[in-house]
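Chemist: As you go down the protein sequences, you meet chains U and A in turn.
Under our numbering, the first residue of the first sequence carries the number 1, and numbering increases by one thereafter.
Under our numbering, the first residue of the second sequence carries the number 1, and numbering increases by one thereafter.
Hints in this document: simulated from the structure, not taken from any laboratory.
Small disclaimer: the values here were computed from a predicted structure and weren't measured.
Below, computed lysine-lysine pairings styled on BS3-like, alpha-carbon distance capped at 25 Å:
| # | chain 1 | residue 1 | chain 2 | residue 2 |
| --- | --- | --- | --- | --- |
| 1 | A | K438 | U | K175 |
| 2 | U | K175 | A | K454 |
| 3 | A | K72 | A | K226 |
| 4 | A | K7 | A | K348 |
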Amino acid sequence: MNEKFLIIFMKIYENFVGYDTLSIFTEKSRQNGRKYAIIPLARANMNYLTLEHVSKQYRTGAVTVDALTDVSFSLDDGEFAVVLGSSGAGKTTLLNLLGGMDTATAGKITLDGTEVTALNRRELTDYRRFDVGFVFQFYNLMPNLTALENVEIATEICKNALDPVTVLELGERLKHFPARLSGGEQQRVSIARAIAKNPKLLLCDEPTGALDFETGKHILTLLHDVSKTRKKPVIVVTHNAAIKEMADRVIYIRSGCIERIETNEHPRSVEEIEW
Amino acid sequence: MVKTYLKTLRRMFAHHITRLVSIILMVLVSVGFSAGIGMATEKMAYSLSDYYRSANVSDFIVRGAEAIDAEKVEKLRERYGEDSVAQGGVIEVKGGSLDLGMGAMLRLEGEGVGEGITRIYFCGEGTINRAETVQAVPLEGGEGERFFEASAERANRDLKGFPLGKDVILSLSMGPISMDYTIRPTSSVVSPLHMAEYDDPSMTEGEDGEYELLENILYVPVREGKTIPFLPMNEVYVSVPELKKTDLFFTPYERALEREKAEIEEIFSEEIGAETAAVLTLHENFSFESYNGYEGKIQDIGYVLTVVFLLVTLLVVLSTMTRLLEEERGQIACLQTLGYSPARILSKYLLFALVGTLLGAVGAFFASEGLAYIIYINFKWNYVLPPYSSHISPLFFIVSAALILAAAIAATAIAGNGMTRQAPAVLLRPKAPREGRKVILERIPILWNRFSFKYKSTLRNVLRYRTRFAMTVVAVMASTALVLAGLAVLDACLFQDIGTAAMLGVAVIVLVFAALLNAVVIYTLTNINISERKRELATLMVLGYHDNEVTGYVYREIYITSAVGILLGIPLGALLCLFVFEVMGFGALSKMGWYTWLLAPLLSLIFTFLVALILRRKILKTDMNDSLKAIE
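One chain only, chain U, in its complex shape (with noise of 0.2 Å):
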């Protein structure tokens, strides 16, 4: 009922706007007096995001788990990234490294020139503060917030946040917590509240696996514009083959090592996709 209405309201917007969902960015553009965000693909910032044979073992007492070995490769921004690998693979451990949720053993990490891997805990918490957004499968949000609150969370803290209102799209929903929200309207505040802190880098971690195959696609376009209006990197983490379609670049780990990396020449568009 829920994801039947988001997606008619999704319609009604596309229509009126004369352009996909890309509401979500159209803040600059209003002010501008245009309707939608033109953000020109060209002239790419290379290797914003870089990893240098990241490597990452877990101990428990006498047992040592490599869950990263030597893992390298680099991330231009308006990239969007797929990282494909079956469970266990070492696809969240990859995400918690670059989202600065955990330290690595070695290696070196960087972002838009920050040596992400050479911080401390204070550092981390502001990396996590102001460069990057995650989102997340069960979408965290803060049952105690209303939808709009739960962006206000992360704006508030922010030096150059967004406009959250205008970032979250629900209309009148906005003032509604998120029990009351549907699964994707719940992923929406979600991605609302990462973006709307205007990282540096976004990370989704299966951000379709709770959601249903109509509700994903629009959530996977969503996280597809981000990376080309915002210019900036997205990676996407799943074990969902049908993604990497979409994907401008895909990474494959298995056992914790990069198995391959493709870049597609041309990504197809969301719609195209079946899963």
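Chain A: place on chain U using the hints.
Modeler: Chain A alone, transformed into the frame defined by chain U:
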């Protein structure tokens, strides 16, 4: 199957060790307190009963204005037996002289005779009211018709005592004729009738109409043929061993006492009618009656405070067990899908509650022994204490421990039953986080919009978990009230009435136990609160909230809740104080030092901050991944 089951059991205990310790501590404190107070009163009763039995204390004293009629004494002997009846006499000499009437005067001279009242007992033969010798000197010389070797009651705060071996001259004069008797105290003793260390009243009224306090007591043994004339044997002591078979503080003794008193009054009906004699029981003895009074006071205070202690503990144990079950939701569902019976699944949690309360109870048993001894030993300021009875009376312990045990088991069973009744599929899904709700304040946008969102969320949280909020408030309120009551008693004992040193032990114990309970309660509830918010805390951490901002999320709520509890605790504490003062017969709210009112809430506050400090590390150790990715 049993092996694996035992494994899960062991792991559950290891995983929830903090909870187990919380339960153990709370049960230990509250059951320990209630059993300790109960045990103390019983020990007091048994110790004194044993002592009175061995001293063969007189259950009745027939006190006449003149010599007791020998015929009637004979009647008493017939009824109670030869050994149960003894004759004696008593006079009180004020300032060394006593007008015996009809021109006869008695004078008392010698070291130790002062301005106050000296009571002299002339003791007949027999073993009744056997006094214990504290100190003795050998008798050198001294014999003859008019020489009496005597004993004196030991010196204490009011009694001066006599120097041993120094003669006291008692002279009787009538007109020009005068006769001297030499009384030489060679031993100082403690009589079971005068074991109080102070405030022992005489039978002589002072100018203010009150009985003056005794200054000295002499025991002069008289034999047939060796007496002092003019001094009548005006007392009869009756000790009935059968009566004392039951303990002296309990109803059976009281009933028997009443019954026998009526019998004796029947014998002396003539004198009693003429108001020349009275039948006294132990209740007319200051030492016994004040001791009895203290025992009653401790019992009354204990009863009321015990109720509060147990209620608070029950409340918090219930919260703990409910939360534990909630956390084990996934595991319960898993076992259900594997076909384990609800009884089998829940037995684990029942065992947890059982072990927690039982271990606490075992600790409480030993604690109560210790408490009882501390309370008892404090009475040495008030009495020459009889040997501490070895009698163990587990009644209070059993009742309070059984109550907590039954309640903990029942609550676990009810909560668990509610859970296992649900379909495993329902349990496997994460419990929907409780919906946020708007608070009334939000209707006033001018005010509400001024709050930053962190205060908004705090206020909503307080409302969202209304039950938890109420429970925490009640628990903090009650334990703060207990602390206030403890402080009030302590304050009253120390500064308002110096005659209450014995209650000091009780006051300290109430205070210490209330403070302990307060600390454990705040810790446990805060801990539960944090574990419930793990996911929200992890979300904030991922969003890049700094340590203080993350802890602040729960701490603001805890501070608000604690503050409400503490504030409400003051009036409740005042109520408890009123009751306690009423029971103790001293102390008043208006006389309480201002600092007690400040100290009780301050203590709760300090505990809250301390707990916050201790749990800070736990919050910051929250694993962002585990909390955010798991479905709880």
